[in-house]
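> Next come the chains, spelled out residue by residue.
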Amino acid sequence: QSVLTQPPSVSGAPGQRVTISCTGSSSNIGAGYDVHWYQQLPGTAPKLLMYVNTNRPSGVPDRFSGSKSGTSASLAITGLQAEDEADYYCQSYDSSLSGYVFGTGTKVTVL
Amino acid sequence: EVQLLESGGGLVQPGGSLRLSCAASGFTFSSYAMSWVRQAPGKGLEWVSTFTSGGNTYYADSVKGRFTISRDNSKNTLYLQMNSLRAEDTALYYCAKHMVQGGKPRPYYYMDVWGKGTTVTVSS
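One line per chain: the protein sequences are X and S, in this order. So for the first sequence, the numbering used here puts the first residue at 61; every next one is plus one. So for the second sequence, the numbering used here puts the first residue at 5; every next one is plus one.
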């Protein structure tokens with residue numbers, strides 16, 4: 061099972077703001093390792109959405125923002141749009157496992 | 005345009021072997037760490053293995069001793085040799101290119117480009 065915990069699902073109406081939490085521990089996020097986020101649209105490969113906690117790759121709308129504090133990180137989507145319906149995964153590194161770890165994944169539904 | 009194209013997936017019996025390939029284009033392949041990540045049907049993402057640009061390899065505990073990652077920089081191709089396959093290895097296998105900000109070490113790498121994946125099914 062994953063060492064990074066995310067809510068299974070979040071939902072919101074178009075235009076609303078939703079947040080996705082990513083909770084880790086002292087061997088991963090709490091150890092200071094960066095958190096990255098990936099968006100997986102239905103039937104497609106994951107795509108980098110946020111890197112090094114708060115940075116958006118070119119082409120990612122500024123409606124997406126990231127934060128990190130202590131042993132947790134969050135991804136916020138403001139002005140939710142229909143095309144944001146997807147699965148979202150956080151990712152970091154775990155020193156106990158000596159490898160990369162992904163969050164459990166969160167399905168975002170636009171009502 | 006940076007592209008990754010996986011191939012080699014298929015149906016294999018438990019205990020069998022399979023070799024996956026990932027053909028890279030659009031970037032200097034030898035300069036970047038590369039990883040395999042898998043996703044079992046209806047499940048989340050799981051890191052499998054990494055091959056750094058410096059020649060070091062790393063594996064998830066779930067595949068250590070059974071899978072071998074390699075790369076041929078002359079062919080811009082990443083490989084994953086999978087032996088002693090089990091039903092729980094059934095998944096869509098993605099190849100991913102790594103990036104890092106500010107020259108940080110491997111724990112700080114992230115995956116900036118992903119291939120479309122190749123499906124591995126282990127079943128009798």
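In case anyone wonders, no lab produced these hints; they're calculated from the structure. A hint or two may mislead.
Per the computed footprint, the stretches of chain S lying under chain X, defined by three or more beta-carbons under 8 Å from a beta-carbon of chain X, are [to be verified]: (1) 47-56; (2) 62-74; (3) 111-122.
Note that the structure is a prediction, hence the values are computed from the model and not measured. A virtual CB, placed ideally from N, CA and C, is assigned to each residue, including glycine.
> Provide an ascending list of the numbers of those earlier hints which the structure does not satisfy.
none
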